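Modelling step: build the complete structure from the supplied sequences, incorporating the hints.
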Amino acid sequence: MLDDTYRIHFTLKSVSICASNARSVLLGAYKLLYLIGCRFLQPGNKGDYIPNKDLNSFFSTRDFLQTYTASFRHRGVCIEGANSLENVLDFIDWLPKVGYNSFFVQFKLPYTFFDRWYNHIFNPLLEKEGLTLEQVKHFSNLIDKEIKKRGLLYHKVGHGWTCETLGLEDLGWQKATPVLEESKKDWLALVNGKRDFWENIPTNTNLCYANKDIQSAFIQGIVSYAKSNPNIDYLHVWLADEHNNLCECPDCKDTLLSDQYVSILNNLDKQLSELNLSTKIVFLLYQELLWPPLQEAFKNHERFTLMFAPISRTFEKSYEDCSISDTIPTYVRNQIKLPRSLEENLSFLKKWQEKWHGDSFVYDYPLGRAHYGDPGYLNISRIISRDIKSLKSLHLNGYISCQELRVSFPNALPNYIMGLTLFDHETNFEQVTEDYFKHLYKEQSSYYQHYLQKLSDLFSCDHFNAIGPRYSKRLANRYREASELAEVFLERIVPFENDYFLKKLYFHGKYVKLLALALYHLASNNPTEKEEVYGEFIHYIQSNELSFQEALDVYRIIEVSTRYTGFSLPNYH
Numbered sequence: 027m028l029d030d031t032y033r034i035h036f037t038l039k040s041v042s043i044c045a046s047n048a049r050s051v052l053l054g055a056y057k058l059l060y061l062i063g064c065r066f067l068q069p070g071n072k073g074d075y076i077p078n079k080d081l082n083s084f085f086s087t088r089d090f091l092q093t094y095t096a097s098f099r100h101r102g103v104c105i106e107g108a109n110s111l112e113n114v115l116d117f118i119d120w121l122p123k124v125g126y127n128s129f130f131v132q133f134k135l136p137y138t139f140f141d142r143w144y145n146h147i148f149n150p151l152l153e154k155e156g157l158t159l160e161q162v163k164h165f166s167n168l169i170d171k172e173i174k175k176r177g178l179l180y181h182k183v184g185h186g187w188t189c190e191t192l193g194l195e196d197l198g199w200q201k202a203t204p205v206l207e208e209s210k211k212d213w214l215a216l217v218n219g220k221r222d223f224w225e226n227i228p229t230n231t232n233l234c235y236a237n238k239d240i241q242s243a244f245i246q247g248i249v250s251y252a253k254s255n256p257n258i259d260y261l262h263v264w265l266a267d268e269h270n271n272l273c274e275c276p277d278c279k280d281t282l283l284s285d286q287y288v289s290i291l292n293n294l295d296k297q298l299s300e301l302n303l304s305t306k307i308v309f310l311l312y313q314e315l316l317w318p319p320l321q322e323a324f325k326n327h328e329r330f331t332l333m334f335a336p337i338s339r340t341f342e343k344s345y346e347d348c349s350i351s352d353t354i355p356t357y358v359r360n361q362i363k364l365p366r367s368l369e370e371n372l373s374f375l376k377k378w379q380e381k382w383h384g385d386s387f388v389y390d391y392p393l394g395r396a397h398y399g400d401p402g403y404l405n406i407s408r409i410i411s412r413d414i415k416s417l418k419s420l421h422l423n424g425y426i427s428c429q430e431l432r433v434s435f436p437n438a439l440p441n442y443i444m445g446l447t448l449f450d451h452e453t454n455f456e457q458v459t460e461d462y463f464k465h466l467y468k469e470q471s472s473y474y475q476h477y478l479q480k481l482s483d484l485f486s487c488d489h490f491n492a493i494g495p496r497y498s499k500r501l502a503n504r505y506r507e508a509s510e511l512a513e514v515f516l517e518r519i520v521p522f523e524n525d526y527f528l529k530k531l532y533f534h535g536k537y538v539k540l541l542a543l544a545l546y547h548l549a550s551n552n553p554t555e556k557e558e559v560y561g562e563f564i565h566y567i568q569s570n571e572l573s574f575q576e577a578l579d580v581y582r583i584i585e586v587s588t589r590y591t592g593f594s595l596p597n598y599h
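Going by the numbering used here, the first residue of the sequence shown is number 27, and it counts up by one from there.
Quick caveat, the hints were computed from the structure, so don't treat them as lab data. As the structure is a computational prediction, the values presented were derived from the model and not from experiment. In this text, a Cβ means the ideal position worked out from N, Cα and C, and glycines have one as well. Some hints here could point you the wrong way.
[What the hints assert, rightly or not] Cβ-Cβ distance ranges computed for the label pairs, FRET-style:
id	residue 1	residue 2	range
1	239	171	34 to 44 Å
2	497	84	41 to 51 Å
3	170	326	25 to 35 Å
4	238	203	23 to 33 Å
5	503	554	12 to 22 Å
6	351	90	11 to 21 Å
7	507	351	28 to 38 Å
8	27	242	25 to 35 Å
9	300	202	32 to 42 Å
10	193	451	37 to 47 Å
11	33	497	51 to 61 Å
12	27	379	21 to 31 Å
[Said to hold, decoys possible] Subject to a maximum C-alpha distance of 25 Å in a straight line, what follows is the list of computed DSS-like cross-link-like pairs (lysine-lysine):
id	residue 1	residue 2
13	536	468
14	296	238
15	210	279
16	464	529
17	376	306
18	79	39
See below:
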């Protein structure tokens with residue numbers, strides 16, 4: 027059930043698809059459609075290209091027999107951003123069409139991702155629609171059914187177990203100051219002499235993991251959930267979503283977090299095994315957990331899957347470009363610095379792999395923040411391709427992308443490349459990209475590809491993602507050139523009424539013109555002009571959000587650019 031292989035055989039008289047499981051049959055069906063000329067260019071039916079051709083001319087001229095085996099077990103996407111139910115269901119439907127086999131829903135209930143859309147956080151031009159927990163429970167049930175209908179591997183939860191242990195329902199990263207039962211007030215991590223919610227965000231708050239009552243409650247909550255949800259293939263067990271806030275009590279302060287984590291997971295495995303539950307548990311290499319344990323070791327490697335999450339990495343280099351050190355920084359409790367370079371991130375993985383030889387994959391973020399710093403989408407797509415081609419040398423068995431689902435602006439090339447290359451790591455990037463652009467833009471494809479490549483080269487993923495100094499004359503000059511390039515482009519292209527992809531490219535042109543100009547002023551340290559142009563950019567995307575709702579996540583680009591890049595949220599947000 028975990029690995030995908032299928033064989034396609036067609037002759038003049040018949041077509042057959044044989045496969046290792048039902049999901050692989052579906053993958054084979056979409057591969058057959060690809061072979062006869064269909065393309066699925068982005069989620070939703072607007073991205074479907076169906077050729078006008080006589081199928082008899084295709085099948086009658088050949089006797090075709092080919093077996094395909096996926097290069098990696100783990101090939102999926104994790105929900106992020108702001109989404110309508112339709113956005114999520116369209117994305118799930120698209121996944122097997124381009125070779126993916128997994129979908130990951132964070133939290134027990136993905137309330138926060140729907141709340142951002144239906145209440146139009148960061149877009150006051152749209153009226154709040156309201157959202158209840160019952161509605162989200164209904165959405166969640168529909169998502170479950172659509173995942174299982176396609177036989178996709180279902181990943182679930184991750185964040186939330188620490189809150190659940192305290193008796194709280196975790197719906198996201200919202201600020202809150204809930205009142206705990208008296209007996210649980212000392213369950214919070216002791217940091218700087220206080221036991222309190224970290225920055226008033228329960229999701230980001232660690233616990234006193236040495237406390238046996240906490241361990242028992244933590245484990246029991248996971249066991250109970252796994253027992254009630256046998257449809258989940260991979261249950262993610264993570265701790266708080268913040269760093270340098272670990273418990274400093276006498277029982278915790280001299281123990282590595284990873285030692286506490288592995289000990290808890292071993293006890294979890296024991297209880298799951300006693301109940302004959304086969305649920306796979308995903309453990310996380312992230313923040314303090316990048317440092318491998320010194321005392322503890324996993325007892326049942328079949329139960330667990332390692333997930334490496336290099337959230338602080340650059341996307342202007344690939345894994346392929348790196349030499350990996352044999353050393354990692356010394357661990358100092360509550361004084362860690364997240365690794366910035368790819369080399370340092372990979373050094374942590376290497377140290378873990380000295381102790382772990384089981385299943386594993388990377389949980390990466392090219393379409394979570396960094397892609398806004400590449401509006402041409404070509405360089406980020408090339409990095410994704412090169413990263414995936416490097417996974418085998420890193421002894422990783424796949425890739426799950428933590429990302430927005432509304433990420434087809436100006437097109438869905440990054441996710442398209444990701445899916446095809448994860449299925450076949452020998453996929454030729456240049457050939458697939460050329461084919462993709464021809465199906466998008468027809469006879470003008472080479473012109474549009476050249477234009478988008480220029481934009482990619484002029485922008486900076488790292489600068490947008492808060493890596494490096496905010497002020498740079500070199501970057502300022504590039505952003506000014508990009509804004510001028512977009513202005514020239516807008517004079518050439520007209521908003522074709524009947525061509526969805528060209529209409530989107532026209533809207534994208536003004537988006538780039540304004541964003542690049544705002545970044546020019548940011549990099550030039552012109553604070554007044556920076557905020558004026560950024561305000562104009564925000565108003566433009568807010569005003570036009572419904573025109574291309576499925577393609578651009580307005581909530582997320584505003585959140586990222588104000589939290590990381592260096593802009594301020596306009597008063598009218």
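Hints and how they fare:
1. Checked against the given bound of 34 to 44 Å, the beta carbons of residue 239 and residue 171, roughly 37 Å apart, stay inside it.
2. Between residue 497 and residue 84 the CB atoms are about 57 Å apart, so this pair departs from the stated range of 41 to 51 Å.
3. Between residue 170 and residue 326 the C-beta distance comes to about 27 Å, which sits within the given range of 25 to 35 Å.
4. Against the hinted window of 23 to 33 Å, the Cβ-Cβ separation of residue 238 and residue 203 comes to about 27 Å, which satisfies the hint.
5. Restraint check, residue 503 to residue 554: a C-beta distance of roughly 20 Å satisfies the suggested window 12 to 22 Å.
6. A hinted range of 11 to 21 Å for the beta carbons of residue 351 and residue 90 is inconsistent with their spacing of about 48 Å.
7. Checked against the hint of 28 to 38 Å, the C-beta distance between residue 507 and residue 351 comes to roughly 37 Å, which is consistent with it.
8. In this structure, residue 27 and residue 242 meet the distance hint of 25 to 35 Å, their C-beta atoms being roughly 32 Å apart.
9. At roughly 35 Å, the beta carbons of residue 300 and residue 202 sit within the given window of 32 to 42 Å.
10. Take residue 193 and residue 451: their Cβ atoms lie about 45 Å apart, and the range 37 to 47 Å holds.
11. Restraint check, residue 33 to residue 497: a C-beta distance of roughly 57 Å satisfies the suggested window 51 to 61 Å.
12. Distance hint check for residue 27 and residue 379: the Cβ-Cβ separation is about 26 Å, which falls inside the suggested range of 21 to 31 Å.
13. Restraint check: the Cα-Cα separation between residue 536 and residue 468 comes to about 22 Å, which is no more than 25 Å; the hinted pair holds.
14. Of the supplied pair hints, the one linking residue 296 and residue 238 holds, its CA atoms being roughly 16 Å apart against a limit of 25 Å.
15. Proposed proximity of residue 210 and residue 279 is supported: the alpha carbons are some 20 Å apart, at most 25 Å.
16. Taking the CA atoms of residue 464 and residue 529, the gap is near 16 Å; set against the 25 Å cutoff, the hint holds.
17. Restraint check for residue 376 and residue 306: satisfied, since their Cα atoms lie roughly 23 Å apart, inside the 25 Å limit.
18. As the CA atoms of residue 79 and residue 39 are separated by approximately 19 Å, the hinted pair is consistent with the 25 Å bound.
Hint check: violations occur at hints 2, 6; the rest are consistent with the structure.
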